[in-house]
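Q: Position chains B and C against the provided structure of chain A, taking the given hints into account.
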Amino acid sequence: MTLLELTDVTAFYGPVQVLEGVSLSVPDEGAVGILGANGAGKTTTLRAISGTVRSGGKIVFDGKDIRGMRPDKVAALGIAHVPEGRGTLGALTVRENLRVGAYLRKDRKGIESDIDYCLDLFPNLKERIRSHGSALSGGEQQMLAVARAVMAKPRLLLLDEASLGLAPSTAKNVYQAIGRLRQESGIAMLVVEQNANLAFTLVDTATVLETGRNALTGTSAELKGMDEIRRAYLGG
Amino acid sequence: MTKPWVRWAGLLLVIVVLVVAPLVLPQFMNQTLARIGVFAVAVLGLNVVMGYTGQVSLGQIFFVGVGAYVTAYGVNNDWNIALVFILAALIPGIIGLLISLAAARLGGLAIAMVTIALPLIGVPLAKRLSDFTGGSQGSSARFSGAPEWTGLYDDQWQLYIVIAVAGVVFLLTRNLVRGKYGRAFAIVKGNEAVASSMGVSPYRYKVLAFTIASLIGGVSGFLYMVVVQYTSPETMSFGHSISLLAAMVIGGAGSILGSLLGGAYYVLAPQVTNAIDSSLTAVMQGAILLVILFVLPGGLVSLPRLWRRRKREGPGKPAAGSVAASADRSPTPTAPPETPTTEVQEKRQDT
Amino acid sequence: MGTFIQLVIDGLSAGSIYGALALAIVLVNQATGLINFAQGGMAVLAAYFAYSFLQLGLPLILAILASVLASFVLGALIERFLMRRFEQGDPDTAVVVTIGLLTLITGICGWIWSYNNLQFPSLFPLQNINVLGAVVSIRSIGTTLVIVGIMVLLQLLFIGTKLGLALRAVAVNPQSAAFSGLPVGRLLMVGWGLAAGLGAIAGALIAPSLTLTPGMMDSALVYALAAVILGGLSSPIGVVVAAWLIGVLENLAAVYVPIIGFDLKIAVPFILIFIVLIVRPQGLFGRKDVVRV
Chain A
0 MTLLELTDVT AFYGPVQVLE GVSLSVPDEG AVGILGANGA GKTTTLRAIS GTVRSGGKIV
60 FDGKDIRGMR PDKVAALGIA HVPEGRGTLG ALTVRENLRV GAYLRKDRKG IESDIDYCLD
120 LFPNLKERIR SHGSALSGGE QQMLAVARAV MAKPRLLLLD EASLGLAPST AKNVYQAIGR
180 LRQESGIAML VVEQNANLAF TLVDTATVLE TGRNALTGTS AELKGMDEIR RAYLGG
Chain B
0 MTKPWVRWAG LLLVIVVLVV APLVLPQFMN QTLARIGVFA VAVLGLNVVM GYTGQVSLGQ
60 IFFVGVGAYV TAYGVNNDWN IALVFILAAL IPGIIGLLIS LAAARLGGLA IAMVTIALPL
120 IGVPLAKRLS DFTGGSQGSS ARFSGAPEWT GLYDDQWQLY IVIAVAGVVF LLTRNLVRGK
180 YGRAFAIVKG NEAVASSMGV SPYRYKVLAF TIASLIGGVS GFLYMVVVQY TSPETMSFGH
240 SISLLAAMVI GGAGSILGSL LGGAYYVLAP QVTNAIDSSL TAVMQGAILL VILFVLPGGL
300 VSLPRLWRRR KREGPGKPAA GSVAASADRS PTPTAPPETP TTEVQEKRQD T
Chain C
0 MGTFIQLVID GLSAGSIYGA LALAIVLVNQ ATGLINFAQG GMAVLAAYFA YSFLQLGLPL
60 ILAILASVLA SFVLGALIER FLMRRFEQGD PDTAVVVTIG LLTLITGICG WIWSYNNLQF
120 PSLFPLQNIN VLGAVVSIRS IGTTLVIVGI MVLLQLLFIG TKLGLALRAV AVNPQSAAFS
180 GLPVGRLLMV GWGLAAGLGA IAGALIAPSL TLTPGMMDSA LVYALAAVIL GGLSSPIGVV
240 VAAWLIGVLE NLAAVYVPII GFDLKIAVPF ILIFIVLIVR PQGLFGRKDV VRV
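Chains as they are written, first to last, in numbering that gives the first Met the number 0: chain A, 0 to 235; chain B, 0 to 350; chain C, 0 to 292.
Wrong hints could be hidden among the right ones.
[What the hints assert, rightly or not] Keeping only pairs whose Cα atoms sit at most 35 Å apart, straight-line, the calculated DSBU-like set for lysine-lysine is:
1. A/K125 with A/K108
2. A/K108 with A/K171
3. C/K161 with A/K105
4. C/K161 with A/K63
5. C/K161 with A/K108
[Claimed, not checked] These stretches of chain C come out as covered by chain B in the derived footprint (C-beta under 8 Å, 3 or more residues):
6. 98–108
7. 224–230
8. 253–267
[Said to hold, decoys possible] Listed next, the stretches of chain B that the computed footprint assigns to chain C, with coverage defined by at least 3 CB atoms under 8 Å from CB atoms of chain C:
9. 50–59
10. 123–136
11. 243–250
12. 288–294
Honestly, the hints are just simulated from the structure, not real lab data.
We put the beta carbon where it would ideally sit given N, CA and C, even for glycine.
With the rest of the complex left out, here is chain A (with noise of 0.2 Å):
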């Protein structure tokens, strides 16, 4: 069953159009990577599903056209955006942050117990429960971007560049609780990196985007085993 499915989405920053037409598709429970270079219009790709770029094209969820959508209105269908940048709320705690993302929700027992989850999925969030989050190092706030993201309870969660200015082990750790994750809840999952080797890790099938189009688009032992993808982004 598709949960998600993108069918020649454009998107533009004012004049400027920055997707030409992408595609690709989200199974229900599944994980998939968008991968490319710099400005390949890899965020721009997930910023056109959260609603917060100009786009066109289709863009169906769960069998609803959200194309368009407001941002808040896409999150209460079930889709947790974890941008780029980490969108830390600096001036509110941990717990608040998690708090946060659960905004949506009323289940009081249930949050609680999610905030739990977290915590031990995300150990090191645990110590800094009461910390203010622009106190967090990146790596904590990435891990509390992702932390935040799934109290929410979504059913997909997009993940754009979980790497970005993370030290390697760092995002290792970071990729393996999102692994975790994915094992224990069946979020699905649309990770957008430019690091493609953590990006395997966790997906099963990529597009890779050039200049704001799918370029090559396969399952994960597809796509590691052809040349160009080793030359280019898996460093021989």
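A: Same frame as chain A, now just chains B and C:
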């Protein structure tokens, strides 16, 4: 681009008009034009600090008032008129310098927040220092009667003085803002962090701009006394302060020609709104300012440019630029390209 | 000594009003990033609402509550339909818009209710009591207590409730908040509404002594802005303390420093700012904020 000879012909025409007009126009028109000139200078001063350098100032009318009071005092004590003129500019300038040295340190909207106090402090201060100012009664000074040898009427003489002085001030300011200082102001207005990184000290240029603005304000005060020949604490009231700011925005922020239009608006608009319905005058003025900000943020002076662009690009929403977006420096569009709505940013938290 | 205590308590009362207005300004600034120069004007309009409700026969306390409600709605509408356009842009432009709004509101007040001074009844009895040998007005004490009470309530709202959490989240990073499903636009409206309501209370409390005129809170705005400068935009507590300081000091200066006297009291906050600035450029309580490029 207009050919050079067209430019020269245009300039010559303007000069001829300026020389001939006072002689042929009726008295009330000369007086009105003179008042427009007075406030065009005041608005020009405000433009230097606000339109060009991007610092909201609610204190310009205070400097005009100080200049007027200095003029009145000097004239009534028979000082040399040239000295009076210099002091009328210099004293407000020094006050402006001191204020900006402190206020500019705070960054952000501090200059706006501090200058709002100037008219509110100025009025009771003027009443208090009655030895200098004549207290609540105000101070009158008649010194701008036309001298015998000119054969002119008073209103014509006064208009010539205004034209001459305002002309010089406008020219000097125009050169200032088109030169390297003007570019520095624009950089500071655009982005202070970028300015610092380029070695352009926002603090220094804010102080410079504010001081120049207050100098020009003082000159405007001198001209005010030439034309009106009377000043009182009312001259620098809070209401006038806001009206002057509104006039600048409506005329055109960051524009020399816009300052002229602003002066005209300042003088003529109350007459028009009063004629329509005097009890609604404040409402109308507030409404006009808001409409301009929504529809024509570059002020009246940007109308021709907008019209030209509309014709070129066809129908479509005009870009909502900032108040001081229009510049008579170069033919650039009034608004920066739309930035993506997705920029994730922490809110600025400074004052 | 008696005079001193009297001046201090009166100063705290005035300072509370300035503080309430300053808090409203800070609230709006944290939510939408701009300084609302019309905050005082909106408070005056609210006081006029209360006045009209009084004319319609409502008891004072209900009239004031109704005006707070009306003010809340008006503040929300102003954010949605007037200010929304300017929130993402240049803060200086937004300030000019608020100045235009101030002119408009003042004009509307003058047009509907005239520019004459109107009598507004006091919420508190006009009696004095004896405190430590000083004669102190109940109104001053009452004003201070009411505003302190409201500030405490606001703090509780922000720290202890889901709405407060949402308001804070939106103030910090509206887009990030939207990703978590927060209705950013609606929350901004609530923020402005709360600020307007706060101003309404301040207006109703100060109107009895100043008498109601369209320009009634122009001076209070200046004091409030001075308190914001001194306290720092990032510190609600700092702003309130600064406001109290201003209120007390200006009263003391008016009496004990003849050069200043009553008519030049308004210069006091700025002398204060001047002095403080030399020592601490970021204000009394503000953090040394990093300007993000």
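Q: Could you run down the list of hints and mark each one as holding or not?
A: Cross-check of the supplied hints:
no.	hint	in the structure
1	A/K125 with A/K108	19 Å, holds
2	A/K108 with A/K171	32 Å, holds
3	C/K161 with A/K105	11 Å, holds
4	C/K161 with A/K63	30 Å, holds
5	C/K161 with A/K108	15 Å, holds
6	98–108	holds (count 10)
7	224–230	holds (count 4)
8	253–267	holds (count 5)
9	50–59	holds (count 4)
10	123–136	holds (count 4)
11	243–250	holds (count 3)
12	288–294	holds (count 4)
This entry satisfies every hint, going by the numbered hints stated previously.
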